[in-house]
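Participant: Given chain A, put chain B in place with the hints provided.
In order, the protein sequence lines correspond to chains A and B. Here the first sequence is numbered in this note's numbering, starting from 1 and rising by one per residue. Here the second sequence is numbered in this note's numbering, starting from 1001 and rising by one per residue.
Any given hint could be a false lead.
What follows is a set of in silico ranges between Cβ atoms, one per label pair, in the way DEER data are often shown [to be verified]:
| hint | chain 1 | residue 1 | chain 2 | residue 2 | range |
| --- | --- | --- | --- | --- | --- |
| 1 | B | 1076 | A | 14 | 42 to 48 angstroms |
| 2 | B | 1113 | A | 113 | 26 to 32 angstroms |
| 3 | B | 1079 | A | 61 | 43 to 49 angstroms |
| 4 | B | 1059 | A | 61 | 22 to 28 angstroms |
In short, the hints are calculated from the structure, not lab data. It should be emphasised that the depicted structure is a prediction, and the values quoted were computed from it without experimental measurement. Yeah, the Cβ is synthetic: ideal placement off N, Cα and C, and Gly gets one too.
What follows is the residue order along each chain.
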Amino acid sequence: DTAVSQTPKYLVTQMGNDKSIKCEQNLGHDTMYWYKQDSKKFLKIMFSYNNKELIINETVPNRFSPKSPDKAHLNLHINSLELGDSAVYFCASSVSSGGLYNEQFFGPGTRLTVL
Amino acid sequence: KNQVEQSPQSLIILEGKNCTLQCNYTVSPFSNLRWYKQDTGRGPVSLTIMTFSENTKSNGRYTATLDADTKQSSLHITASQLSDSASYICVVRRYGGATNKLIFGTGTLLAVQP
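Isolated chain A, as found in the complex (with noise of 0.2 angstroms):
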């Protein structure tokens, strides 16, 4: 039972393209997040969501749109890619957006390749 999904694993487009990574979560958390993983190995949030509502909106290019349609989904859209954005991309969740020991669990990872 896999606890916080994502699809597809693999992405390869061509520069331009849009596309979306999908994100689920099975545990019951009313907060999801999006990461961003470079080539060096660094992690960097760039949205959060509680119960369906935006609570971190780090900077980031528009051409990234995340979408909760509900708590246990967040998807990622990203429009025109661009090389720049490849990167491996993870999905994590948590109880709630606040909590002093309050638990990240992450998904597998998506990587974005861009050609």
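Facilitator: For chain B alone, kept in the frame of chain A given last:
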């Protein structure tokens, strides 16, 4: 600037040996510090979480220490196994507001050889 720095960048040890990974942070105000293990091709998995008042916390063969005064943490791995080969990431949560925003280090890549 809120940063988390780790050393060494990479480490190779023989199976059965111990090792210690270091983490220095400048995140302020501080809420808690976490160590994650990330296997190749997988998402990070939490090993320990420590708050300001906790100096040490263990999880099996993993023992993390925290010195909030010097803003340093270490992760000690005892009797290493081949399955310990992974990237170990130090993560600090910045205190403030309701958001659970974490600041990640770049990780230490550990290779355990037979």
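Participant: So, for every hint listed, does it hold in this structure?
Facilitator: Quick rundown of the hints versus the structure:
{"no.": "1", "hint": "1076(B) with 14(A): 42 to 48 angstroms", "in the structure": "holds, 47 angstroms"}
{"no.": "2", "hint": "1113(B) with 113(A): 26 to 32 angstroms", "in the structure": "holds, 30 angstroms"}
{"no.": "3", "hint": "1079(B) with 61(A): 43 to 49 angstroms", "in the structure": "holds, 46 angstroms"}
{"no.": "4", "hint": "1059(B) with 61(A): 22 to 28 angstroms", "in the structure": "violated, 38 angstroms"}
Of the numbered hints given earlier, the model fails hint 4 alone.
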